[in-house]
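**Q** Take a look at the letters that make up each chain.
2 protein chains.
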Amino acid sequence: MKTLSRELILDMSPFLKVEKHQVGLPDGKIVENWPWLITPDFANVVVITTEGNFLIFRQAKYSVQGSTLAPVGGYIEKGEEPLAAAKRELMEETGYEAPHWENLGQFAVDANRGNGVAYFFLARDAYPVTEPDADDLEEQEMLFLSRAELEAAVARGAFKVLPWQTVMALALLRL
Amino acid sequence: MKTLSRELILDMSPFLKVEKHQVGLPDGKIVENWPWLITPDFANVVVITTEGNFLIFRQAKYSVQGSTLAPVGGYIEKGEEPLAAAKRELMEETGYEAPHWENLGQFAVDANRGNGVAYFFLARDAYPVTEPDADDLEEQEMLFLSRAELEAAVARGAFKVLPWQTVMALALLRL
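Top to bottom, those sequences are chains Z and U. The working numbering applies: residue -15 is where the first sequence begins, and numbers increase by one. The working numbering applies: residue -15 is where the second sequence begins, and numbers increase by one.
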């Protein structure tokens, strides 16, 4: 599948741009008006403290009913490496640092429409160095879960947002 | 967070609509021009055959480089229950039926912008009843993986699309 042409049809920078693509298929057919979403790539981090607990948040988010559990994470800035973004978000959101980082993979959010790439990390032996500097619009509460508590939370779908459930599940499979 | 008003600003039905929302925050502030994506909800299924193998596909998709592994799944039609969509997609894409179904959860694709809801299922003891009736744009190859092969594929990120990696990880945690 090849992009034959592209046209910007909506610009709500920095959060969203929509393009219309003309796409060539392997059999030679051409698809017109293929919507393509350009949104910021983001990083999410599963954080394990030196005490062996999982550092997460409880938050309200616009897309979900009630509160949801959430990992550390946020948008990757222009020119920033995904791992650097993950470390920056850990510091800003929690005031923690971690000496040991593992890559849990990268995934296209949508198979057909783009919509950014998710980068996932596991941070081990995290410890507090300063106060969090949260600039999120929403209030959030910091929680420390044991492994058994995290397994139960994932099993009941308590991370109500797709990439958040994913990063937690991938960490549990790794550990 | 409350939706104070909404305006349709882009209509590429049936795949995408974009709205602009005015959102009221808990502290009384108002955010203008909040982008909101309306895309079809979808279902993905982890299929285990009567032989104990995982039935998956290898596909090319527009958002990923090279080929990717993929589960059974697709868009939920208007008025259709997610489980009914999952069963329909299993039949259309593989020609298989399954007597035992488990719910693996539902998740908002994006925490802030909507972009549909993913519904995940596990189908056990699946067996072939007819030929697949694939109407996908892309060619796809059917594969049967052992549990060890699936674990290795998930560990190396061979499902390159976010919901596909998620549904596989959640099934492995459940089994």
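Please keep in mind that the hints were generated in silico from the structure rather than gathered at the bench. Some hints here could point you the wrong way.
Pairs involving identical chains hold if they fit within one copy or between any two copies, as the list cannot separate such chains.
Computed list of lysine to aspartate or glutamate pairs in EDC-like fashion (alpha-carbon distance at most 20 Å, straight line) [said to hold, decoys possible]: (1) 4 <-> 35; (2) -14 <-> 25; (3) 1 <-> -9; (4) 1 <-> 35; (5) 62 <-> 125; (6) 1 <-> 16; (7) 71 <-> 61.
**Q** Decide, hint by hint, whether the structure agrees.
**A** Verification of the hints:
| no. | hint | result |
| --- | --- | --- |
| 1 | 4 <-> 35 | neither (50 Å within a copy, 44 Å between copies) |
| 2 | -14 <-> 25 | neither (22 Å within a copy, 26 Å between copies) |
| 3 | 1 <-> -9 | both (11 Å within a copy, 17 Å between copies) |
| 4 | 1 <-> 35 | neither (43 Å within a copy, 46 Å between copies) |
| 5 | 62 <-> 125 | neither (28 Å within a copy, 37 Å between copies) |
| 6 | 1 <-> 16 | both (18 Å within a copy, 17 Å between copies) |
| 7 | 71 <-> 61 | within (12 Å within a copy, 41 Å between copies) |
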